[in-house]
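Visitor: Sequences and hints are given; from them, build the entire structure.
So the sequences go chain by chain: A and B. 1 is the number of the first residue of the first sequence in the working numbering; add one for each residue after it. 132 is the number of the first residue of the second sequence in the working numbering; add one for each residue after it.
If you are wondering where the hints come from, they were derived from the structure by calculation, not from laboratory data. What you were told as hints is all true, and nothing was included just to trick you.
Over the 10 Å line for every Cβ pair with chain A, so calculated as not near, a few chain B residues:
id, residue
1, Ser147
2, Gly166
3, Asn188
4, Glu218
5, Arg237
6, His247
7, Pro252
8, Leu257
9, Arg291
10, Ser293
11, Asp325
12, Asn336
13, Ser374
14, Ala385
Label pairs and their calculated CB-CB ranges:
id, chain 1, residue 1, chain 2, residue 2, range
15, B, Thr312, A, Pro87, 26 to 34 Å
16, B, Lys388, A, Arg44, 39 to 47 Å
17, A, Glu47, B, Ser227, 31 to 39 Å
18, A, Asp16, B, Arg291, 35 to 43 Å
For every residue, glycine included, the Cβ atom is placed at its ideal position computed from N, Cα and C.
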Amino acid sequence: MPAYEIEIILNRQLADCLSIPVFITDRIGTLIYYNEPAEKILGRRYEDTGEMPSNVWATIFKPMDELGNTLLPDELPLVKTLQNCNPHHKTFWIESLQGKVEKISVTSYPILGRSSKFLGAVALFWESLDE
Amino acid sequence: MKITIRGVRGSIPTSSPEFKYYGGNTSCCEVVEDGYRLLLDGGSGICNATTDQQMGNKRIDILLTHLHLDHIQGLGFFKPLFEPDIEVHIWGPDSSTQSLHSRLSRYFSPPLFPVHIRELPCKIILHEIENSVFKIGPFTINSRYVIHPGPTVGFRVAGRQSVFTYIPDHEPALSLNGLPTDRKWISGIDLAADTDLLLHDAQYNLEEYKKKIGWGHSSMDDAVLFASMAGAKRLLLSHHDPSHTDVQLNEMLAELKARKNYTFTYEMAVENMQINLP
Chain A
1 MPAYEIEIIL NRQLADCLSI PVFITDRIGT LIYYNEPAEK ILGRRYEDTG EMPSNVWATI
61 FKPMDELGNT LLPDELPLVK TLQNCNPHHK TFWIESLQGK VEKISVTSYP ILGRSSKFLG
121 AVALFWESLD E
Chain B
132 MKITIRGVRG SIPTSSPEFK YYGGNTSCCE VVEDGYRLLL DGGSGICNAT TDQQMGNKRI
192 DILLTHLHLD HIQGLGFFKP LFEPDIEVHI WGPDSSTQSL HSRLSRYFSP PLFPVHIREL
252 PCKIILHEIE NSVFKIGPFT INSRYVIHPG PTVGFRVAGR QSVFTYIPDH EPALSLNGLP
312 TDRKWISGID LAADTDLLLH DAQYNLEEYK KKIGWGHSSM DDAVLFASMA GAKRLLLSHH
372 DPSHTDVQLN EMLAELKARK NYTFTYEMAV ENMQINLP
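Guide: And the structure:
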């Protein structure tokens with residue numbers, strides 16, 4: 001398999017240096033990398049799973065609104081970024097496979113390369129600071 | 132394919148007896164096959180390239196990996212640019228903000244240089260490249276962006292039978308843990324895959340590199356590891372630091388060879404060395 005574009009590679013290198021969870025997908029939503037803090041959210045190790053298609057990783061945690069209603073995929077920042085190549089941000093709750101519910105904020109941004117080509121997307125998970 | 136190394140020095144040319152063996156000119160490499168010639172980069176070494184009278188054709192192709200000064204500073208003194216019957220094709224990396232013409236014009240204009248690019252007597256044709264494939268004579272060239280500050284590409288030059296890979300400025304080990312173990316995550320690896328000859332950045336020794344992480348260059352250790360992972364058959368370590376004398380470069384290579392044993396040949400690039408590939 002050919003190497004990723006350097007814009008993707010450099011995003012991974014940055015993710016490796018951050019203490020917040022970072023998820024990187026290719027342009028069709030395949031999860032191609034997640035860092036160590038993100039492993040805690042997924043409950044899995046990148047070394048073990050490798051890349052994951054979107055229909056696999058999207059089922060690992062359940063996103064919910066403040067009333068506990070399940071959010072549709074189209075309401076999630078990363079999915080929206082993959083759809084329209086724009087940055088998005090949203091605060092919501094997730095329930096992991098272990099049943100733990102956490103309030104988080106997610107910022108997603110598109111990776112637009114030097115040639116303005118859409119190469120993939122990045123999602124940063126923040127501990128929610130909202131009241 | 133005949134390859135002649137015209138410049139091996141990084142950053143700035145050097146000139147003193149201490150640098151005489153490896154040479155003091157900045158990056159340039161000449162590749163010839165079937166009467167076609169490529170000049171890879173336009174550092175000060177380009178001034179020593181074969182003249183067009185010797186080549187017998189009126190077209191010159193200069194492929195720039197990037198526009199840092201040590202890769203273009205020879206252009207203004209390259210005689211064919213001042214000959215009206217010569218057609219010069221300059222291939223350089225695309226930028227999302229400025230055209231290649233605009234960026235080259237910053238060098239080809241006062242106060243840095245007395246002659247504007249539009250005033251050069253030769254016919255100049257500019258080509259902006261990115262992750263591209265293009266053909267020049269018998270050569271098929273792949274360019275890909277690689278890790279180095281600013282838009283920078285490396286080249287994979289395939290001739291009729293052989294492949295030469297040229298990545299003089301490159302820091303593929305830029306990360307928390309050095310060079311990744313998975314090839315998919317290594318910048319430039321496709322350019323160098325199974326190549327017959329790889330010329331690669333090796334500006335620093337290990338101790339120097341630790342103080343210059345993120346500057347866009349490689350340690351000699353990372354260069355040989357990169358070549359090994361790519362499956363290169365032969366490696367030339369280049370872009371020598373301008374502070375490294377002949378004696379120091381010899382010591383660095385000996386020290387590296389004492390620690391690193393690979394199945395492929397690796398050596399320091401030397402100015403004007405010639406390599407013939409089938």
